[in-house]
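Participant: Residue strings, one per chain:
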Amino acid sequence: MNNYKGVFVYIEQRNHRIQNVGLELLGEGRKLANKLDVPLMACVIGHKIDNEVKVVESYGADFIYKVDHSILETYVNETYTKALSKVINDVLPEIVLVGATTLGRDLAPRVSSRLHTGLTADCTSLDIDENKQLLMTRPAFGGNLMATIICPNHRPQMSTVRPGVMVKPDKNELNQAKIVEIEVPFTETDMNVEVLEEVKEDKSKINIEDANVLISAGRGIGSKENMKQIDRLAELLTGEVSGTRAVVENGWLEKERQVGQTGKTVRPDLYFACGISGAIQHVSGMEDSNLVIAINKNPAAAIFEVSDIGIVGDGSKVIPALIKELENIRK
Amino acid sequence: MKIVVCVKQVPNTANVKIDQQTGTMIREGVESIINPDDLGGLEAALKIKDQNNAEVIAVSMGPLQADKALRECLAMGANRAILLSDRAFAGADTWATSLVLAKAIENIKPDLIIAGRQAIDGDTAQVGPQIAEHLGVPSVAYVNEINLNMDSLIVKRMFEDGYQTIKVKTPCLITVLKEINQPRYMKVQKIYTAFRDGLVEVWDNSKLNIEQENLGLKGSPTRVKKSYTKGVKTAGKVFEVSPKEAVQIIVDKLKESYIL
Numbered sequence: 001m002n003n004y005k006g007v008f009v010y011i012e013q014r015n016h017r018i019q020n021v022g023l024e025l026l027g028e029g030r031k032l033a034n035k036l037d038v039p040l041m042a043c044v045i046g047h048k049i050d051n052e053v054k055v056v057e058s059y060g061a062d063f064i065y066k067v068d069h070s071i072l073e074t075y076v077n078e079t080y081t082k083a084l085s086k087v088i089n090d091v092l093p094e095i096v097l098v099g100a101t102t103l104g105r106d107l108a109p110r111v112s113s114r115l116h117t118g119l120t121a122d123c124t125s126l127d128i129d130e131n132k133q134l135l136m137t138r139p140a141f142g143g144n145l146m147a148t149i150i151c152p153n154h155r156p157q158m159s160t161v162r163p164g165v166m167v168k169p170d171k172n173e174l175n176q177a178k179i180v181e182i183e184v185p186f187t188e189t190d191m192n193v194e195v196l197e198e199v200k201e202d203k204s205k206i207n208i209e210d211a212n213v214l215i216s217a218g219r220g221i222g223s224k225e226n227m228k229q230i231d232r233l234a235e236l237l238t239g240e241v242s243g244t245r246a247v248v249e250n251g252w253l254e255k256e257r258q259v260g261q262t263g264k265t266v267r268p269d270l271y272f273a274c275g276i277s278g279a280i281q282h283v284s285g286m287e288d289s290n291l292v293i294a295i296n297k298n299p300a301a302a303i304f305e306v307s308d309i310g311i312v313g314d315g316s317k318v319i320p321a322l323i324k325e326l327e328n329i330r331k
Numbered sequence: 001m002k003i004v005v006c007v008k009q010v011p012n013t014a015n016v017k018i019d020q021q022t023g024t025m026i027r028e029g030v031e032s033i034i035n036p037d038d039l040g041g042l043e044a045a046l047k048i049k050d051q052n053n054a055e056v057i058a059v060s061m062g063p064l065q066a067d068k069a070l071r072e073c074l075a076m077g078a079n080r081a082i083l084l085s086d087r088a089f090a091g092a093d094t095w096a097t098s099l100v101l102a103k104a105i106e107n108i109k110p111d112l113i114i115a116g117r118q119a120i121d122g123d124t125a126q127v128g129p130q131i132a133e134h135l136g137v138p139s140v141a142y143v144n145e146i147n148l149n150m151d152s153l154i155v156k157r158m159f160e161d162g163y164q165t166i167k168v169k170t171p172c173l174i175t176v177l178k179e180i181n182q183p184r185y186m187k188v189q190k191i192y193t194a195f196r197d198g199l200v201e202v203w204d205n206s207k208l209n210i211e212q213e214n215l216g217l218k219g220s221p222t223r224v225k226k227s228y229t230k231g232v233k234t235a236g237k238v239f240e241v242s243p244k245e246a247v248q249i250i251v252d253k254l255k256e257s258y259i260l
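Read top to bottom, the protein sequences are chains A and B. Residue numbers for the first sequence follow this note's numbering, beginning at 1 and rising by one. Residue numbers for the second sequence follow this note's numbering, beginning at 1 and rising by one.
Hints listed in this document are in silico derivations from the structure and should not be mistaken for laboratory results. Note that CB positions come from ideal geometry on N, CA and C, so glycine has one too. Be aware that a few hints might be false.
What the hints assert, rightly or not - Below, a list of computed lysine to aspartate or glutamate pairs in the EDC-like style, where the Cα atoms sit at most 20 Å apart: (1) B/K226 to A/D50; (2) B/K244 to A/E327; (3) B/K169 to A/E198; (4) A/K5 to A/D50; (5) B/K255 to A/E235; (6) B/K237 to A/D269; (7) B/K109 to B/E179.
What the hints assert, rightly or not - Pairwise CB distance ranges (calculated): (8) A/D210 to B/G91: 31 to 41 Å; (9) A/E173 to B/E245: 14 to 24 Å; (10) A/N89 to B/I249: 53 to 63 Å.
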């Protein structure tokens, strides 16, 4: 166990696009590495990825391990599992962090199984305890309960981490990393899967996780028609529109804009909750927002417990009045 | 064609309550259901069976009470149901759970294994891919469309911003999203037969022969150090005022926070 040293972050790139969560993990990974007094390592896997390696370097890793092979052009679980397992076995880090995306949550389980070590899913907070162990905290039972998990007797300690929870470090072109290329011998038996087609859907252009201001709608908004007011409010506050699961299920909003346990975790500067009751599944996705303002008819609504400013009132009256006032200010 | 479907019995967590003192779930009055993604997996297998004369075997690891979930699988149309139950399995994390399921599946030798993407009580999405790793077969996760094609499958694998169409050789494992289909109802006739005794096979470790040190809590690399309910953020001020006053309060706050 003592042979394992360093904090290692898997940087997810697909079609040469780096997912934000990998960079966020470099920020968190640096904190953990400093507490342990060990280096921060990053790993990029793909084909012709020199540009991606450069970006990672500017976000502050000490070492960057890259695996570059034509077979890795497109993500396939088998080949990526083989590549990442090989790198980890060569490098022997004590901690491995992977973004909890649809790719990370597919890749990390197979890698952890291959290495016969533990993996904690979808963590929202990480820390180091007095024994230099990684403390991995995650929500369970739909966010009703938090559990802190450890991996005492196996290495590396592995965790997937929710996108949007950790803070991306500042970019600095002067950062320098030692770049190490790792060869992975692929054979024909590694290819039992063939990607026939890859389709990108336009929905990615909305990314509520990156918004500084979110105007969020709940069932209490009343109708799809009333969503227009939410849109207008978002426009006036240069924000994005988001909402609860109920609103998405009613067809008033796209799934990509859903906040909460089964949606996205957000923490904008302003979270403006309109007609949201504040079910725990929703609150778990927005409670770290900087400023929360909520409007709800029900004085007992749970959303008020996590709000800085709560307005008990009828959104259909307050919101138009607010729009009018903001239009005046903007003039 | 032989298809194994992995199912988990879960508490219906949509309305779970937590004992604030002990930090544990109040199980009283909480119904048990088949995990929604797994139900999608079963329906996907039954659809293949409808068209291709396949044998569908539902497998679950859990306490003896979990046999209710397996009987529901039979009532929907599964051919066989196997419950993996042993005191020694208790307390398993995803590594140890996937090992038990994989050993059972090795005994069955299916062409295709379907698991739900994730269970609503744990939300890990780990057990499916980990079973595939223990078995050494290819896996594709986040699938929401399956087409059969000789000795391979063509599946649609979803990402946040699009999808891949993937051809994968059998035997393989796929994990499916509940959006893949609308599960059928149980058949009345089959409910009657499914709930008679003796239809769910129970396998314990004497059948699977897994080394004790790899079982249950002992075989689990991870441990729960503590669990707790979240401390709520301290509530701010709540105002019951006219819309006009409300607007003033909001605008003042936005200015104070430099948003305006």
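Participant: So which of the earlier hints does this model not fit?
Facilitator: Per hint list: 1, 4, 7 and 9 violated.
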